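J.: Residue numbers (this note's numbering), protein chains in the order written: chain W, 16 to 298; chain Y, 16 to 298; chain D, 16 to 298; chain S, 16 to 298.
Honestly, the hints are just simulated from the structure, not real lab data.
Just to be clear, a hint being listed does not mean it is correct.
Pairs involving identical chains hold if they fit within one copy or between any two copies, as the list cannot separate such chains.
[Said to hold, decoys possible] Derived DSS-like pairs: lysine-lysine, alpha-carbon spacing no greater than 30 Å straight-line:
1) K221 - K266
2) K101 - K174
3) K257 - K174
4) K71 - K29
5) K221 - K55
6) K83 - K293
7) K257 - K101
8) K84 - K71
9) K71 - K101
10) K159 - K96
Only a predicted model underlies this, so the values are computations on that prediction, with no experimental measurement involved.
There are 4 protein chains.
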Amino acid sequence: MSSATLILSCTDRKGLVAKISQFLYQRDANIIDLDEHVDKNEKMFFIRIEWELNGKANLTDEFIGEFKKLADEIGANWEIKPNENKKRLAIFVSKYDHCLLEILWRYSNNELHAEIPLIISNHPDLEHVARQYAIPYYCFPITKENKREQEEKELELLKEHRIDTVILARYMQILTPRFIAAYPNNIINIHHSFLPAFIGADPYKKAYERGVKLIGATSHYVTEELDEGPIIEQDVIRISHKDSLKDLIRKGRDLERLVLARAVDLHVNNRVLQYGKKTIIFE
Amino acid sequence: MSSATLILSCTDRKGLVAKISQFLYQRDANIIDLDEHVDKNEKMFFIRIEWELNGKANLTDEFIGEFKKLADEIGANWEIKPNENKKRLAIFVSKYDHCLLEILWRYSNNELHAEIPLIISNHPDLEHVARQYAIPYYCFPITKENKREQEEKELELLKEHRIDTVILARYMQILTPRFIAAYPNNIINIHHSFLPAFIGADPYKKAYERGVKLIGATSHYVTEELDEGPIIEQDVIRISHKDSLKDLIRKGRDLERLVLARAVDLHVNNRVLQYGKKTIIFE
Amino acid sequence: MSSATLILSCTDRKGLVAKISQFLYQRDANIIDLDEHVDKNEKMFFIRIEWELNGKANLTDEFIGEFKKLADEIGANWEIKPNENKKRLAIFVSKYDHCLLEILWRYSNNELHAEIPLIISNHPDLEHVARQYAIPYYCFPITKENKREQEEKELELLKEHRIDTVILARYMQILTPRFIAAYPNNIINIHHSFLPAFIGADPYKKAYERGVKLIGATSHYVTEELDEGPIIEQDVIRISHKDSLKDLIRKGRDLERLVLARAVDLHVNNRVLQYGKKTIIFE
Amino acid sequence: MSSATLILSCTDRKGLVAKISQFLYQRDANIIDLDEHVDKNEKMFFIRIEWELNGKANLTDEFIGEFKKLADEIGANWEIKPNENKKRLAIFVSKYDHCLLEILWRYSNNELHAEIPLIISNHPDLEHVARQYAIPYYCFPITKENKREQEEKELELLKEHRIDTVILARYMQILTPRFIAAYPNNIINIHHSFLPAFIGADPYKKAYERGVKLIGATSHYVTEELDEGPIIEQDVIRISHKDSLKDLIRKGRDLERLVLARAVDLHVNNRVLQYGKKTIIFE
């Protein structure tokens, strides 16, 4: 049976769960999953509900219209999505293949609830990978001079393919504010460090030189401030003085792959709610 | 402001969240925390709700009586507890002090939401620890012959001190079925292995001989079957061929302490729901 | 510059490091890496040395002959391998592709110091993967009746391709003792549990039913006793009551891939020394 | 039988292991443990050797004199220490007791190979802990005006008690360069973040505001640059949006305790070699 997901946030007050669950119950909805969170400091209420679509619980105009009334009443930000509608992802890559392969393997294995209509790169190197998975590959070489113009073409292509979310799978270009503004809260990056440690270029080199005993990877939403967007997922792995810089890069690759894959999985299943500089993860 | 916690389980059906949250809303309760889980295989519904006690939401006989009606209607198992009422714990120890010290340190640091009216041991060795924390220490030496008789005395003492939960902090005696039956779902043990690996005696020795690369600790409720009760918390730590049996024991101690402390913390905050051989952990 | 690796074990006694390092120094060898371990219980000495091959330190018959004298004198088991000589691996698979893909990705990425001349399966399903990587794929369907016969053909094929080590990448057949005897200490398996928990079939189902809070994967050498061979590498991942059996299988796949890949990496770089039921890992 | 430990570093060249192990062998030393590391980038050689003291292998003036000749010849930094000689530690604390208690528990449990002749604090709060363990407690309240003067008194006291190493167990004062210079490479701090993330004050608050998914703790040697000294040990723990700042502080305490305890353990067993801004850990 098909289902839908509501994600909602508003100022906390009494009776919010009752109001929302009552709304669904009156429409005969069967709630499959409900997760709520109250941030007591900020006095904010967050909820995610999944229910089976059936009869009056279907996402008709009437249903949506009535829910809008309820949401307006409580001053909420909200989104309701039918879970059949897979998010449409564009993967951006440069020359490293590990994050791309990880996502494509999960995709081809029906593990990733998403569509991947295209791959975009600033280099031709990974076209053979795209071909293996029969996904169109577009190459837009980037220079200082043509960046703006190339991004325009990319944005057009994304629009054409009705892309919801851009995944930067070790894409080695910094996007312009204009590009970022076109996909608010919908560009996911993987940074090869435990943020906020080692922001910017060459984090493994910096980690090596600092002599840390663990290295990390961080997947986050992209905002205008470099590596400062809301964090979705992080993980670390132990290293030692025996590890050369090359070893760090090799060990880090496994982290990058898994951390990005987990973040993308959470995102496409509508399990991430961005709130200020942070995320609420409904697991 | 004081608060209460409901833990409830029943066969899953439509409208359960609505029904329960509506009940609370109608009594002006402010829900602080709500966590629900549906086991689709078993078609079971589990929920934990915490709300502020105030006015009609107080735990009066009327409130409880009316909730009982609702619960009977849906055929639920349930418990409502005022969070002020701290659980009363009896710590059982033998000669090892690390788990006892960990719990007492958290207790004295106001980190453990519980009362510890007494410590019981089959050896006199740790009496000085009890004295440091000004907690009565009772010693009941156990032999094959006197076990039943000594347990009777212990049970009497527990009754007298209105003990809710028994914590076996590396207590090196197997309790009789009679004792276990007196505290159903309320005896917590720490086993020094990653269960179900290395059930029974000498798990570190067995782990050493098997050559595992990680050792673990498991905190679980005690049932009649040795080391087979519902697991509350587990964790592991990496070891290598360089570690002697003595090193395993030393490294394992840190795990045992933390895993038991986390399990006790979850239990005293009514965050564990036992269901068959498993637990639902409302974190 | 090319290099060689010595792995040696013998009864512990005074002067072993001096004797062996002196032997190399007298031949002008530059030691790149040395790791020794003494098991005080067993009074055993273990050492791994890597040195640059050059001049008198080359692996000539004279060098080997003289080292043999030294080794005989101290009653040692030993192996000296030129590091240029990559181990030749045969990957055995059934229908799951994740472990195979992980190894092939590392292989194609020049991350795995090995040759993979062939893939063997009891099913035709993964032939397309082999084709992508241009590796010959041989299919030997197995029934109770033909197992012995098919294994004979497989062994012949392995011999023909001068295979050193067999990797069971979720190969769903139990090998006969005869097959195992043909590759002593050179068959590596990945078991989808934290051994010795959940030996045998369906470990995820057993883990799900037992209600463990962590699941694991174990890579080990294959011996005649099922899942009892020396462990090379293990790891675990946290799960919760929210995870269905399907979730366990999905999360476990990531563990299986990484644990097997790390074990294979250690093995092909001559970093594993089997000793009784255990391994010494020279990292 | 008693033993000694050599820690040595020098520019890498051929025959170093042979030369050093030969030196010991000629004096009938039985090597218990040997760990060497070559940093190929820096062309540096590092070694730690433990051997049994007996006959000619004893640390006589002659032995030391002859080893000095060898060391001079290869231009090495080195230290030889009899393992009987426990390092003498002074613990510095302020008001938090968790790190202090962790160290004292291990100390009283004979798990820490060290002497703790005194505890120094800038507050009187933890005197009762010191009294429980019968260790002298000295209180030196610090103001901007008297810092220099108080440190002088502390240094005198340390000298009097022949202290080798100062452990800052959440000591909430920044030491002056003069104090730091008095104990080069021998002051160990615990910082409550995963350095280099969240340097300086209030790391948990910063972590909370940044919305990280893991928090950490770092134990390092103190140098003049705040939180920039060589790292000995680090670890992390997973958190979520459900954790308040108070939860972070509580969860972090367990990390701080264990990370500091592990770092102190490595240090007192002469298993840490500082090299530039990094450490070599001989485990």
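J.: Which earlier hints turn out false for this structure, listed by number in ascending order?
T.: 3 and 10
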